[in-house]
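Asks: The lines below spell out each chain.
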Amino acid sequence: MATVAEPAAAGPMVPRRYRVRGSTVETADTTTIALEPLDDPLPEPAPGQFHMLWAYGVGEVPISVSGDRGSDGVLLHTIRSVGAVTAALCGAAPGAVIGLRGPFGSSWGLDDAAGRDVVVLAGGIGLAPLRTAVARLLAERDRYGRVAVLVGARSPADLVFTRDLERWRGRFDADVEITVDHADAGWHGDVGVVTRLLPRATFDPAGTVALVCGPEVMMRFASEALVDMGVERRRIRVAMERNMKCAIGHCGHCQLQHLFVCKDGSVLAYERVAPLLGVREL
Amino acid sequence: MNVREIRDLLAAEPLFHDLDADYLDLIAGCGTNVRFQAGTMIFREGEPADTFYVLRQGKVALEINVPERGALVVETLGPGEVLGWSWLFPPYRWHFDARAVTAVGAVALDGACLRGKCDEDTRLGYLLMQRFARVSQERLQATRLQLLDVYGNGR
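Chains as they are written, first to last, in the working numbering: chain A, -3 to 278; chain B, 3 to 157.
Since the hints were made in silico from the structure, they are not lab data.
From a predicted model like this one, the values you see are computed outputs, not experimental measurements.
Incorrect hints may have been included.
Some chain A residues close to chain B (C-beta under 8 Å, calculated; not the full set) [as the list claims (entries may be wrong)]:
#	residue
1	R150
2	A153
3	D177
4	A179
5	D180
6	H184
7	D186
8	G188
9	V189
10	R192
We treat Cβ as the ideally placed atom computed from N, Cα and C, and that holds for glycine.
Chain A with its partners taken away, still in its complex shape (with noise of 0.2 Å):
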């Protein structure tokens, strides 16, 4: 049997081998792969941070890390399975040996937040991202003002980590409230766009630091409505989505006109992005 070489001097281009230890179905496209080191693990990555993640033979995408299991090197990958790339990773059966590079980007910058109201507001597979976010928010509780997390999905088939939303929402510590777009009579809890969420959640928009994650349009519409609320944008970080290749800020296929997705952020404080949002075609 062909035995796989072991990597060369580590560098940043230089994927490591993990092993899937396994997964858990979250909805019918989106699974999350609990991946453990074969060589040395990775740097433990910030709450925002991505990997690139190998699906050797196939192609590498970048993934958000959405969790980890503390002390033994296990991450946790949420994935949606979009393409060639995604649908092998979304595939990989325990066992299976990955190639990741990284951590890379920025994070959400929780040390900046402490002491001030933090509203996380998530779009469907936009939770992913923010899950280890949340998790840091809710461990050291007593740092932060008040904490709201605002969830919305295209329907209750299509939230994910259900359960962890189940366990945050038992919490009387944070306001945790999800709505879907579609749903019919059997789903008892919230139905419209995930702004509408805002008003019902209790912050003072003054000072607030607002993480936000979901598809483009929303995170634009998202912002807004904090602005509006008077939230700064300055607090305003959104994570952004582009095609990161090197990850390193040399490609430039991720070059977003004077940022760099991949090194600059992914996650960005929205003043920065905000004139940048609306540019067609960029």
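Chain B: place on chain A using the hints.
Replies: Structure of chain B alone, referenced to chain A:
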């Protein structure tokens, strides 16, 4: 609950924020305090829209019945939100069903009574119309976002 108590309830709701005290008294004269148990149909599509509600507690689902698919929820409304604006415009009939998802507490306002007062005092009519236009504009924007199906990825 007397008119003064209803007036105080209305004064605390966003729809009537900063409205002149005299107008609040006028509007409260058209109001009653109501409660609905979970599961109650508050109104049904096609029925006369002679009342609207300012929700104080609970959750209401706006539904439309689709053949072979059953009731589809278009939107849910909660405390501080307004249920119903069909009372404002002819032919004064509801376009959706409204069902109490949980126990609901609300102030019900008599639409015909209020329309009469708006006809008598056009400034009140203008102020109310401004506020309902804002509500309908916000709901229209939200509906447009829903129609974009931003999470759908082409499905």
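Asks: Against this structure, judge whether each hint is valid.
Replies: Structure-based check of each hint:
1. R150: Interface hint status for R150 of chain A: holds (4 Å vs cutoff 8 Å).
2. A153: 11 Å, violated
3. D177: 5 Å, holds
4. A179: 5 Å, holds
5. D180: Constraint on D180 of chain A satisfied, holds at 6 Å.
6. H184: This interface hint holds because 6 Å falls under the 8 Å limit.
7. D186: With a closest approach of 5 Å, the D186 of chain A hint holds.
8. G188: Holds, because the Cβ-Cβ distance from G188 of chain A to chain B comes to roughly 5 Å (cut-off 8 Å).
9. V189: 4 Å, holds
10. R192: 5 Å, holds
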